[in-house]
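Q: The residues making up each chain are set out below.
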Amino acid sequence: MKHSIETLGGIEVLKLHGEIDLKVSPDLRGLLTKKAQTPQDYFIFDLQDVSYIDSSGLATFVEFFQLTREKNSNILMAGLKPRVRSIFELVRLEELFIFCDCVADAIEKVGGAAGSVLNSMDSAGD
Amino acid sequence: MTLDSDSSKSALHDRESKDVVIEVKDLVVRFGDRTILDGINFKVHKGDTMIIMGGSGCGKSTLLRQLIGSTVPDSGEIRLYGFDITRMSEKELDPLRKRFGMLFQSGALLQSLTIGENISLPLLENSKVDPAIVDLIVKMKLELVGLTGFENLKPAEISGGMKKRVALARALALDPDLLFSDEPTAGLDPVMTAVVDKLTCDLTRKLGMTAVVVTHDMTSAFRIGTYMIMLGSGPHQGKIIAEGTPEEIKKNPDPMLRQFINGEADGPIPLKLSQDDYFKHLLGSG
Amino acid sequence: MNAYFRLNVEILFWLIIGPFQRQGPKVAEVFRQIVRIGVEGLPMSAMTALTVGLTLAMQASRKLTELGAGMYVPDMVSVSMMRELGPLMTSIIIIGRSGSAVTAELGTMRVSEEIEALRVMAIKPVKFLVVPRFIAMMIMGPLLTVFSNYFGLVGGWIVWKLIQGKGTAIYITRSLESATAGDLYSGLFKSAVFAWLVVTISCHVGLNVKGGAEGVGRATTRSVVLALVAVFISNATLTYLFF
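Chains as they are written, first to last, in the working numbering: chain R, 1 to 126; chain P, 127 to 412; chain B, 413 to 655.
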């Protein structure tokens, strides 16, 4: 699966590409399971280059949510295409993940970008 | 016409035929000496919801069976994604079958499996997804059809309408880009009909899924349909007697169509036509 | 007939080639069928074998004692159970209990569109439904036969010990001495052939049911009759070949 890890303003962003379907979701699962082992307050996914996600991809993210729930991590999904967002919303996953319009937005939400308000951490938390 | 010339031409000129998912040409099906389908032609475009209407016994279900490659027609062509399925073997059909879902009229759930196992079946048999992920997918699919928490019951323990919805969840298990449904709302209460209709609309309008729906339920048909065809019965058996967008169908003055849509007992469809036959039959054909 | 042979070929295909394509049979499903076909059939076949053993010993001891060969009752019981009655009685029980159930079950699935639904989901009915039943039957047919042999011997012993008041030790030694390993194996071979015939016939008839609930009923009768005929004919043929 194509992915890249970028660090913007000291915050790690996992960028995914292409279609997340039955063929690539096992790879995504491996990646996410590894990520879940190092607890973080928040995880940011950049999905702007994702054109489609199927149920196995959704389930993989749900599993990631389960794995990180104990640590109360926030999972932010940034830059979703309308179609991809609809797929999440159809099974009401907007209640599990925090959707942001773009990566900058997400970073600002978690308070990582230079000069952004530190206490915005609270607004991102639940 | 071959597939290649078809798609290259359409890419340049005709936007419409670029996204043809199903193309039926001159389809003829006979059972013995009865002609069930007689020269059916239509196209279904990507993202469309095609409604197939018609009275009982007019061949709607037969047509659907042809489209999914369950039975072979007497003549004619059926192209799914450009492949002529009437000339394909079972083995060649399988990759195509993984791309579409089918909701049977009876639901056709496996009675020996639980609801959860029924939905996970296509995933476990046709993909290498981990069982833990499959479990989550099953729960999400059940939520889609409003049956969260029912995964451990057997089909015999739930009502007919629930079975229908489980069957829909199973048909959607592999996220098909084409869904065939045979009477998806039969046996559902009005609220659940609306839920299923909304789901169909969401899947087609927002995600671009294509749907072919056989239905008697006119409210539901006008709610979800983007194109409709009506199959005739009696002397028009096996022919398309009307087709068009829901607006065109609403305006269509054809008396048979009007009778069907408005649900009137008497009209051109069956009663009057068979009355002569009835007396002949009743009094003996002397 | 043609379709029946095709079913056999397809079963063998999935059994032999399937596992290499990571499409082997599901172990859990095979065990479920083993329980349904075999384990649940054990009391019935044990009881049948026990009564057959009893009857055999009673009939034999009367005639053999008349001839002054009353000593040979154990030989008679063990050889006829192992070679003939064990496999035959067991397969008749299997036909009545499991073969009919398999036909009815597959037939109902066929009538209620479940088989078609499987096909449309790109799942092969033979691989998914028939192969687990086939494996279960091929394992449980011979196994039940072994149990039947044992219970037949117990039946003989009951007559020998409780009615005639003769010694247990002599019964065991005599019955084990007279029956050779060949007797046991020929019986087991027979039971394997019977199991094959029963499961393929009942699956074939079940998968091809036509015409609703009534069709299922008719198919079940048909499958029992066909399986009985096939078992009797093959029994006679195999006996001819072995002797």
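FYI, nobody ran anything at the bench for these hints, they're computed from the structure.
Any given hint might turn out to be false.
Restricting the straight-line Cα-Cα distance to at most 20 angstroms, the calculated cross-link-like pairs of lysine to aspartate or glutamate (DMTMM-like) are [as the list claims (entries may be wrong)]: (1) P:K324 x R:E89; (2) R:K81 x P:D303; (3) B:K438 x P:D303; (4) R:K71 x R:D101; (5) P:K280 x B:E422; (6) R:K23 x P:D220; (7) P:K265 x R:E95; (8) P:K324 x R:D41; (9) R:K35 x P:D256; (10) R:K81 x R:D41; (11) P:K172 x B:E422; (12) R:K23 x P:D152; (13) R:K71 x R:E12; (14) P:K265 x R:E89; (15) P:K217 x B:E517; (16) P:K254 x B:E422; (17) P:K265 x R:E63.
Small disclaimer: the values here were computed from a predicted structure and weren't measured.
Q: State for each hint whether it applies.
A: Results for each hint:
no.	hint	result
1	P:K324 x R:E89	holds, 13 angstroms
2	R:K81 x P:D303	holds, 18 angstroms
3	B:K438 x P:D303	violated, 29 angstroms
4	R:K71 x R:D101	violated, 25 angstroms
5	P:K280 x B:E422	violated, 30 angstroms
6	R:K23 x P:D220	holds, 17 angstroms
7	P:K265 x R:E95	holds, 16 angstroms
8	P:K324 x R:D41	violated, 37 angstroms
9	R:K35 x P:D256	holds, 18 angstroms
10	R:K81 x R:D41	violated, 25 angstroms
11	P:K172 x B:E422	violated, 37 angstroms
12	R:K23 x P:D152	violated, 38 angstroms
13	R:K71 x R:E12	holds, 17 angstroms
14	P:K265 x R:E89	holds, 15 angstroms
15	P:K217 x B:E517	violated, 26 angstroms
16	P:K254 x B:E422	violated, 24 angstroms
17	P:K265 x R:E63	holds, 12 angstroms
In summary, the numbered hints that this structure violates are 3, 4, 5, 8, 10, 11, 12, 15 and 16.
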